[in-house]
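Protein chains: 2
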Amino acid sequence: MVQYTRARLDASFAALSDPTRRGVLEQLGRSDASITDLAEKFDMTLTGMKKHVGVLEQAGLVTTQKVGRVRTCKLGMRRLEEETAWLERYRRRWDERFDELDKVVEELTRKEKSDEGKNRK
Amino acid sequence: MVQYTRARLDASFAALSDPTRRGVLEQLGRSDASITDLAEKFDMTLTGMKKHVGVLEQAGLVTTQKVGRVRTCKLGMRRLEEETAWLERYRRRWDERFDELDKVVEELTRKEKSDEGKNRK
Numbered sequence: 001m002v003q004y005t006r007a008r009l010d011a012s013f014a015a016l017s018d019p020t021r022r023g024v025l026e027q028l029g030r031s032d033a034s035i036t037d038l039a040e041k042f043d044m045t046l047t048g049m050k051k052h053v054g055v056l057e058q059a060g061l062v063t064t065q066k067v068g069r070v071r072t073c074k075l076g077m078r079r080l081e082e083e084t085a086w087l088e089r090y091r092r093r094w095d096e097r098f099d100e101l102d103k104v105v106e107e108l109t110r111k112e113k114s115d116e117g118k119n120r121k
Numbered sequence: 122m123v124q125y126t127r128a129r130l131d132a133s134f135a136a137l138s139d140p141t142r143r144g145v146l147e148q149l150g151r152s153d154a155s156i157t158d159l160a161e162k163f164d165m166t167l168t169g170m171k172k173h174v175g176v177l178e179q180a181g182l183v184t185t186q187k188v189g190r191v192r193t194c195k196l197g198m199r200r201l202e203e204e205t206a207w208l209e210r211y212r213r214r215w216d217e218r219f220d221e222l223d224k225v226v227e228e229l230t231r232k233e234k235s236d237e238g239k240n241r242k
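The listed protein sequences derive, respectively, from chains A and B.
Following the numbering used here, the numbering of the first sequence begins with 1 at its first residue and continues without gaps.
Following the numbering used here, the numbering of the second sequence begins with 122 at its first residue and continues without gaps.
Just so you know, not all the hints are guaranteed correct.
[Stated by the list, open to error] Derived DEER-like restraints, expressed as beta-carbon distance ranges:
id, chain 1, residue 1, chain 2, residue 2, range
1, B, K232, A, M77, 48 to 58 Å
2, B, D223, A, E100, 38 to 48 Å
3, A, V2, B, R210, 22 to 32 Å
4, A, L101, B, K162, 16 to 26 Å
5, A, V67, B, K171, 44 to 54 Å
6, A, V67, B, D223, 20 to 30 Å
[As the list claims (entries may be wrong)] Using 30 Å as the maximum straight-line C-alpha spacing, the simulated DSS-like pairs for lysine-lysine come out as follows:
id, chain 1, residue 1, chain 2, residue 2
7, A, K111, B, K239
8, A, K74, B, K239
9, A, K66, B, K232
10, B, K187, B, K162
11, B, K224, A, K41
12, A, K103, B, K187
13, B, K172, B, K162
14, A, K118, A, K103
15, B, K195, B, K171
16, A, K66, A, K51
17, B, K234, A, K103
18, B, K187, A, K111
19, A, K113, B, K195
20, B, K239, B, K224
21, A, K51, B, K239
What the hints contain is simulated information worked out from the structure, not anything from laboratory work.
Built from N, CA and C at the ideal position, the CB exists for glycine as well.
Could you put together the complete structure from these sequences and hints?
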């Protein structure tokens, strides 16, 4: 189970690491599109677009269906829940970590001030 | 500005697409660590770990500081705001898209039932 999640996160974050692929997802969020439409829209060869769509399909973010000569792409069933959960967990951790550091700095500052006070006496 | 954001998203999603790199971020969320600590913890060569840390550093997710012979890694200042915002926007889109499809299916079902009703008359 953990292994599957890990592999899914690997694949989806890799899929999201390219601006064209993020653009394709945004586009498919507005309407389904054929590979030809997408290639035109993103000013790319059919072969190039097929590769990008293949990566998105592998990651479960897009599904495609061929009817006649046209392959239509639509959003896949994955709603990026696990990816969002990972980022949220990370950001909580990040906040806690920087809060801790703030406290350490505060503590040091207080200590310094109190030492100064003692020295003055 | 858009270009910078795009390049940052490319770099951070690529950085997050590896389980070791995600593990390193989780680890540094608990405490700072040297490259040697991290290599041991993830059962990896120093060279391998240096590469992973380099990718995280490039993406602004980790900062490192060398004191004497030890390079200490800590979480960088990037809180993955833009990445979270992208995912949230995408998920809203996804929900809307599937709601639309639900409505189309409902509409078709209703039409079918009403046609059946008419045929029965």
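Can you give the numbers of the hints that this structure goes against, from lowest to highest? Hints 1, 7, 8, 17 and 21 contradicted; others consistent.
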